Each structure stands twice: as structure tokens, then as C-alpha cells.
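Could you put the whole structure together from the sequences, leaning on the hints where they help?
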Amino acid sequence: MALYLSKSGKLLPHFKQKICSLGMISLSSIASCFSQNPPLSPEHGKTPYAAPSLFASRRFGSVKAENLASINNTADSQALNFPGGMVKFTPELKFISDLPEERINCYRVLDESGHLLTSDFVEIDKDIAVKMYKEMVMLQTVDTIFYEAQRQGRISFYVTAAGEEAINIASAAALSMDDFVFPQVKSIRPVQYREAGVLLWRGFGLQDLANQCFGNVGDNCKGRQMPAHYGSKKHNYFTVASTVATQIPHAVGAAYSLKMEGRDACTITYFGDGGTSTGDFHAAMNFAAVLEAPVILFCRNNGWAISTPVSDQFRSDGIVVRGQAYGIRSIRVDGNDALAVFSAVHMARKMAISESRPVLIEALTYRAGHHSTSDDSSKYRPIEEIEWWRAVQDPVARFRKWLEIQGWWSCESDTELRDRARQEVLDAIQVAEKMEKPDLGEIFRDVYDFPPSNLSDQEKSLRQTVQRHQRDYTHFQL
Amino acid sequence: MYQWRMIRSATAILSFFSKASIAYTFVETEASMAAASFGVSSAAVQAVKSSASPLPSLPVIRSEARPISGRINRSRNAGKIATHAVAAQTENPASAASKPGHEVLLFEALREGLEEEMERDPRVCIFGEDVGHYGGSYKVSKGLADKYGDLRVLDTPIAENSFTGMAVGAAMTGLRPVVEGMNMGFLLLAFNQISDNCGMLHYTSGGQFTIPTVIRGPGGVGRQLGAEHSQRLESYFQSIPGIQMVACSTPYNAKGLMKAAIRSENPVVLFEHVLLYNLKERIPDEEYVVSLEEAEMVRPGEHVTILTYSRMRYHVMQAAKTLVNKGYDPEVIDIRSLKPFDLYTIGNSIKKTHKVLIVEECMRTGGIGASLTAAINENFNDYLDAPIVCLSSQDVPTPYAGTLEEVTVVQPSQIVTAVEQLCR
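Chains A and B are the protein sequences, given in the same order. Under the working numbering, the first sequence has 120 at position 121, and the numbering climbs by one with no breaks. Just add 49 to wherever you are in the second sequence, counting from 1, and you've got the working numbering.
No lab work stands behind these hints: they were computed from the structure. One thing to keep in mind: the hints can contain errors.
Heads up, incomplete: computed chain A residues facing chain B, CB under 7 Å, no partners named [stated by the list, open to error]:
no., residue
1, His249
2, Gly252
3, Ala253
4, Pro451
Subject to a maximum C-alpha distance of 20 Å in a straight line, what follows is the list of computed DMTMM-like cross-link-like pairs (lysine to aspartate or glutamate) [said to hold, decoys possible]:
no., chain 1, residue 1, chain 2, residue 2
5, A, Lys349, A, Glu260
6, A, Lys459, A, Asp448
7, B, Lys196, A, Glu260
8, B, Lys370, B, Glu351
9, A, Lys436, A, Asp110
10, A, Lys400, A, Glu415
11, A, Lys459, A, Asp438
12, A, Lys232, B, Glu314
13, A, Lys459, B, Glu427
Computed from a predicted structure; not experimentally measured. Positions of the beta carbon are idealized from the N, C-alpha and C atoms, including for glycine.
Dropping the structure here:
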């Protein structure tokens with residue numbers, strides 16, 4: 000591991016120098032490269048793919064053309080300078096094993112009873128720790144009450160982050176307000192948004208949350224997206240789209256723009272275990288590595304993709320091992336341990352920005368709730384399993400225990416906090432429910448910057464219809 | 050040469066239509082302008098120069114709107130009489146030197162547009178396969194990586210959906226990416242990002258995030274490129290809300306559309322054609338932009354309105370020569386804007402000729418012609434003397450064999466027959 004890191008450290012300056020510079024490419028180095036190496040055969044039938052030899056010429060730019068040949072000669076049958084780098088030969092016909100002998104270990108700081116297991120973590124002060132706890136409790140309260148609201152028919156749909164509060168809040172706390180957040184997007188069943196906690200941390204109000212779920216005039220998405228598909232430019236939280244894993248390439252693109260501007264900020268994107276099966280995940284990981292984009296790729300491996308367990312999703316040792324496959328540094332953390340998540344994201348952010356590289360974090364956790372309000376998970380997993388995880392591995396309880404050991408929190412404060420949170424959420428829902436829905440015009444606005452003629456015509460025609468059949472369109476009093 | 054042709058056509062038209070009441074006041078303006086300057090009015094140039102600030106507000110002309118001011122009227126009309134560049138008239142070397150403007154091939158015009166925009170706005174960048182040091186498979190981005198560096202002209206790995214997604218993410222955070230699909234057909238892999246994200250995120254975010262991307266690439270039927278490389282994606286993309294689509298056909302409008310697309314705040318898909326990259330035309334030296342929502346009057350006429358775009362424009366113009374010899378007077382409009390349609394120009398033409406022929410390269414089912422037919426029927430039914438005729442390719446994958454491929458594309462002789470039947 001250390002060896003790998005030191006090697007990559009050596010390669011990095013070369014790549015950085017060549018790729019990040021805005022200077023001219025010396026044509027002579029390219030010419031010399033072509034004269035020495037045989038031309039590459041055209042790959043994938045489109046056009047001769049010249050890039051690898053080009054990189055080779057840049058990487059060995061300081062090495063004279065003659066030396067390349069001499070390296071190959073003196074190396075004998077030990078190694079060869081293939082396109083992509085020097086590779087040693089082996090006489091053994093041996094395949095690399097499909098799985099590592101031991102699963103990659105999981106970084107953990109607190110045990111279930113809130114005791115510290117290590118001193119190798121990023122210290123947080125009392126204010127941040129207490130704030131984190133309060134937001135976790137708020138998130139739990141929001142989830143519980145909104146879920147109930149959906150069951151009562153007051154909102155059409157909701158997704159909870161039950162069991163993943165630590166991931167939400169701790170990762171948000173480790174980032175700065177300038178970092179861009181690309182929350183997960185999921186597939187066919189729009190769901191997710193198990194990252195509402197990140198928004199809460201950044202100051203997105205309860206009322207705004209409620210407004211978005213109710214789709215009323217206060218909603219900054221103007222009633223155009225499903226509940227829990229939040230988005231706020233002010234908070235650098237990019238609007239959730241329902242498509243799974245499409246946000247991962249977005250995050251890489253945004254990180255790329257941050258890199259071009261040279262800003263002290265990174266991008267973070269969240270996705271689940273199911274999202275890692277998509278083509279977008281693969282390509283985005285690859286892009287992030289090749290482009291050296293400062294992005295944190297945060298995988299919430301909660302064991303289930305609706306009803307698909309991870310054993311049916313992939314056969315690798317989780318997601319963390321995939322990092323090395325793409326040339327990305329990775330770590331596996333206990334997703335129910337707020338301190339571990341905080342430390343990992345904090346370090347990852349530093350690496351991403353200072354070294355301009357992507358980092359993959361796999362947080363192992365459990366989806367304690369249903370996939371969404373359209374799902375009943377007792378159909379495909381035993382209730383005892385859900386109960387065990389909820390009781391024993393609850394991230395909020397664990398963090399509270401640690402806070403109490405530190406002397407920063409008490410039982411009374413807890414009851415008081417929960418009561419207050421509950422009341423605030425209920426109030427927010429009541430206000431949101433009574434607010435008006437957006438007017439007709441919002442259907443046609445923001446499709447483009449200015450509405451084209453066909454949309455203006457369609458709006459006119461719709462308004463005429465509503466006016467003519469006022470009784471059938473009671474919502475819109477024109 | 051260009052000027053002489055303009056003056057000749059202008060005077061011919063004047064004499065022919067001296068009695069008819071034509072709303073084309075541009076004819077007089079053209080005649081006077083032709084002597085003065087090359088096709089672009091100085092006023093339009095000034096409009097561009099004055100908006101030299103990073104965020105320009107060029108007057109945008111909506112399809113149904115009357116021109117906002119006299120200045121715009123002239124620049125609009127300037128683009129209308131575009132000459133048929135394919136029938137390459139040889140120029141006098143002596144006269145060539147004295148003419149304003151410079152000659153370019155279409156792919157060079159695209160590159161000029163790209164380069165000028167990249168110079169003007171440091172946020173403009175190019176993503177695509179082999180666009181960097183290779184210069185792009187059709188050399189549209191040649192030399193740009195050397196000039197602007199690897200970060201702004203980025204060679205991506207082969208994952209269309211992902212680099213389009215990357216462009217969406219970069220656009221949401223302030224860059225203005227130009228995504229190149231090596232062939233339009235490959236952008237089918239990017240359909241999810243284009244439809245669900247590019248087109249929708251401005252809307253679903255409540256207007257908070259804009260996606261000012263340009264997605265471009267060569268499409269259409271080439272010379273024996275096989276079925277997968279002969280796609281007409283405009284059929285599939287036309288339904289996506291939130292994007293604009295334009296198709297270029299001459300070096301002049303290619304450069305203008307490229308610049309307008311980059312400056313637009315909406316995602317724009319710019320359709321180029323594989324066989325048109327080597328068209329040569331003389332374009333102005335001054336900076337100019339062409340409106341994204343306007344159609345181009347290629348050849349004014351009286352008898353029938355022929356609507357077309359991209360490569361079919363040249364087949365139509367070839368057919369027009371035959372038709373003129375036979376005594377017909379077709380009006381040829383290059384619709385250029387595929388979404389939304391320029392119903393203002395089209396409507397004015399139909400009100401004059403009362404007959405419509407649509408010539409397109411899309412398949413019969415669900416193509417641009419199908420939508421255009423519906424739009425015209427809905428809006429101008431009263432002005433039509435005959436049902437709209439739409440000539441398009443058959444609903445088959447494009448075959449490889451040259452003889453077979455040729456007949457899947459609409460040929461000039463078909464166009465001539467269709468006009469003769471329409472005008473009976």
C-alpha cells in the first residue's frame with residue numbers, strides 16, 4: 000500500500016506538469032516518440048487512437064529518444080516499456096484471485112457504546128459536535144414526521160435516511176460551504192435523497208424542506224420536482240434528478256470547473272451500492288482519475304437497492320476495492336460512526352483539493368427504513384434484521400453516548416431537543432400545507448431562458464381551457 | 050462574385066415582381082447594400098462590437114416577432130439571400146483579392162466560430178473524444194488545444210453519457226462547455242443525460258441552475274458509413290423539452306450558429322452534416338452571429354414553398370435549377386431552426402405560395418418533416434391549396450452498398466417530380 004502510494008507520488012508530478020499546464024506541446028517529442036515506437040493499431044474502429052503514445056512522449060519527455068531503446072535492451076527479458084508504462088515479466092502462469100484473502104478493513108472510531116477505540120481521528124470541538132448531534136436528531140424527526148405525513152396522504156411521496164444520519168450530517172460537517180454537493184439520484188423509482196441532512200447542516204430551513212415536499216409557492220423548485228428532490232444554489236446543493244448515478248459525472252464536471260478556476264473547494268457526490276452498477280459510475284470514476292478532478296465519491300453501501308441485496312448487485316468486495324481498479328485512493332468506513340465519517344471526509348477533502356485527485360469513500364451501513372414510501376421492506380428481508388440494526392447500530396444513539404461521556408450532552412437536553420424539533424417540524428408542515436400551490440404560469444417558465452412562441456401559444460390555450468371549464472379546474476381561479 | 054450575383058438576383062427579382070405586392074422590402078435594401086458592403090450590415094457589426102462585455106445581450110429574434118428595430122431587420126435580411134455555395138463558380142484571381150471577407154471550408158468556419166468564442170470568453174471549453182491534439186475527427190478543433198491548453202480542450206475517455214454528464218455538471222457551475230460527439234449517432238448513448246438532465250435541470254431546479262452547453266457533431270447519411278454512422282438524431286431529440294436544435298448548412302450559417310449557440314443560456318444541439326464539411330464559401334471578416342430561431346430564405350419564389358435543412362438544401366437547389374428551366378418558380382427556405390420552428394418565415398411563405406413541399410433526410414416516421422407537417426397544418430391550414438408533401442428517407446437502416454444508400458436519400462429528380470405534381 001505504502002509502495003503504491005509512493006509510486007503514484009512519483010508519477011503524479013509528471014502528469015500534473017503535462018496535463019495541467021496551458022503551455023504548448025513540443026512537437027519534436029511527439030515526432031521522436033513515433034519514430035521509435037511502432038504505430039498503434041486503430042482501436043475500436045473509429046480512428047487511430049493516438050493518445051497513449053502521446054502521453055508516453057510527454058511522460059518521458061525528459062528522456063531522450065535513444066534512451067528508450069536502450070532501456071528496453073538492457074532490461075532484457077525482465078521488463079518491457081509497454082504503452083502505459085514499464086511492466087515486469089513473470090514466468091508463473093498465475094491468475095489474480097477474484098477476491099482478496101481478507102476483506103478490506105473498515106475504519107471505525109467509536110464502538111456501539113460510544114467509547115473511543117483509537118486516537119487516530121480528526122478532533123472536533125464541542126460546538127461542532129453538539130451541532131452535529133442536534134442536526135442528526137432533527138433529521139430523524141423530519142424523517143419520522145414526513146413519513147407519517149405521507150401515510151396520512153398529505154404528501155405523495157417521501158424517502159427517509161433512517162440509519163444513515165451519521166453519513167449525512169458528519170460528511171456535511173467535514174465540508175466547507177463552498178464545496179459542491181451532488182446528491183444521489185436514483186433510478187426508475189425516484190427516490191433517495193438520503194442526503195437531506197447535508198442540506199439541513201448547510202442552513203436550508205425546515206420550512207423550505209416542507210415547502211418542497213408539498214410543492215407550494217414557497218418551494219424554490221417551484222413545484223416542479225418530486226418530494227425530497229431538493230436543490231439550492233445558495234447552499235451549493237445541486238438539484239436532485241431522479242435518474243440513478245447521473246449525478247456522478249456531473250460532480251466530476253463540476254470538480255473539473257473548480258480545478259480550472261483553482262478554487263479551494265471540492266465536489267462531493269453520494270450514491271448507493273445499487274448506483275455503482277451503472278455505466279455512469281464506472282465512466283465517472285475513470286474520468287475523475289484521468290482528469291485528476293478534486294471530487295469525493297461517497298458510496299453509501301447500505302446493503303439494499305430496493306429489494307436487491309448487495310450479493311445480487313456485485314460480486315466484488317464492496318465498492319472500496321474498485322478504487323484501485325481506476326487508480327483512485329479509497330477507504331472503507333463504518334457509516335454508523337459519525338466520528339469515523341467526519342475524519343474520513345475531512346482527510347479526503349484535504350487530499351482532493353491539495354493534490355487535485357479524486358477519493359472514494361465507502362461507508363458501510365444499513366438501510367433501517369424502507370426504500371421509500373412506496374416500499375415495504377418486510378417483504379424481502381426479515382424484520383428481526385431490521386430491528387437489530389435499528390437498535391444496536393443506531394448512529395444517533397452511538398454519537399449521543401459519546402457526547403455524554405464527553406460531558407457535552409445530557410438526557411434532559413435530549414428530551415427537550417426532541418420535543419422542540421418535533422414541534423418545529425409539525426409547525427412547518429402545517430404552514431406548508433396551507434400555502435398555495437404555484438400558479439399555472441410556472442408550467443411554462445424556466446423551460447428555456449425566455450419562452451419561445453410555441454410555449455406561449457400552449458400557455459394561452461391552457462388558460463383558455465381553464466377559464467372555459469372553471470368548474471373542472473378549481474385549483475386555478477383565473 | 051458574390052456581390053455581383055446578389056445584385057443580379059436582386060434586379061432580376063425587382064423586375065419580375067414589379068407588379069406583385071411583395072412584403073419583401075429586403076429586396077430594395079439588398080440592392081443598395083450590395084453595392085455598399087458585403088452581406089452583413091455595419092449596424093449588426095456594431096451591435097456585436099458593443100456587446101464586447103463578457104455577458105453580451107445580443108438582440109434575439111423570436112420567430113413570430115416583428116424585428117425589434119431597423120438595425121435588426123437589416124441583419125436578418127442580410128442572411129436571407131445566401132447563395133448556393135456548392136455549385137462552385139470559379140472566381141477570377143484578380144477579383145478575389147479585392148473582395149471583402151475570406152474563403153473558408155465549413156469545418157474551418159466552425160473552428161473560427163469556436164476560436165472566437167473561446168478567445169472572448171474564458172469559460173468556453175470543449176469536451177469530446179480526440180478533440181485535443183488530434184484536432185477532432187473532422188478537424189473542427191484543430192489547433193485549439195495548442196492555443197488554449199489541455200484543460201480547455203479536453204480529450205475524454207470513451208463514455209458519451211458520462212462526458213455529456215460532465216458537461217452538464219460543469220455548465221451548472223459556470224463553465225460553457227461545447228460537447229463534441231464524434232458522430233451524432235454516438236450521442237444516442239448520451240440520451241439520458243441530454244434528456245433527463247440537460248433539458249430538465251433548469252426547469253426542475255426552479256430556474257436556479259442554467260445549463261449553457263452546446264452539443265454538436267456530424268450526423269446524417271454520408272458515403273457508405275454504414276447504418277450506425279448514418280443516424281439522424283434530430284428525430285429523436287426533437288421531443289425533449291428544454292433544448293434548442295439548429296442545423297447548419299453553409300460556412301456562413303455554421304459559424305454564426307456556432308457562436309450563437311455558445312452564447313445562448315439554453316442547451317443547444319447543433320447538427321452538422323458529414324458531407325458538408327468541405328463546402329467552401331466566402332464569409333465576412335467581421336464578427337457576426339446568426340439567430341438561433343430563424344429560417345433562411347435561400348431562393349425567393351412564387352409557386353411553391355420548399356422547406357428543407359442541412360444537406361437536403363443542396364439537393365433542393367439542384368432540383369430548383371431544373372425547375373426554373375421548366376418554368377417553375379420555387380421558394381426555397383432552409384429552416385435552420387429545428388426546435389422551435391420559425392413559423393413566422395414559413396407562414397409568410399405559405400401565405401404567398403399556398404403549396405408546401407418538405408424535403409428532409411430523416412426517416413418518414415417521426416422525423417422533423419412529420420412534426421413540421423403537423424405544425425403547418427395546425428397553423429396555416431386555411432392558406433393551403435393542396436396537402437403538404439413530405440419527401441423523406443425510408444424507415445430503414447441505411448444500407449452500406451453505394452447504390453442502395455443513394456436511393457434511401459431524397460434525390461433531386463424526386464423533388465422535381467413532387468413540385469410538378471404539386472403545381473399541377
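Hints the structure fails to honour: 9
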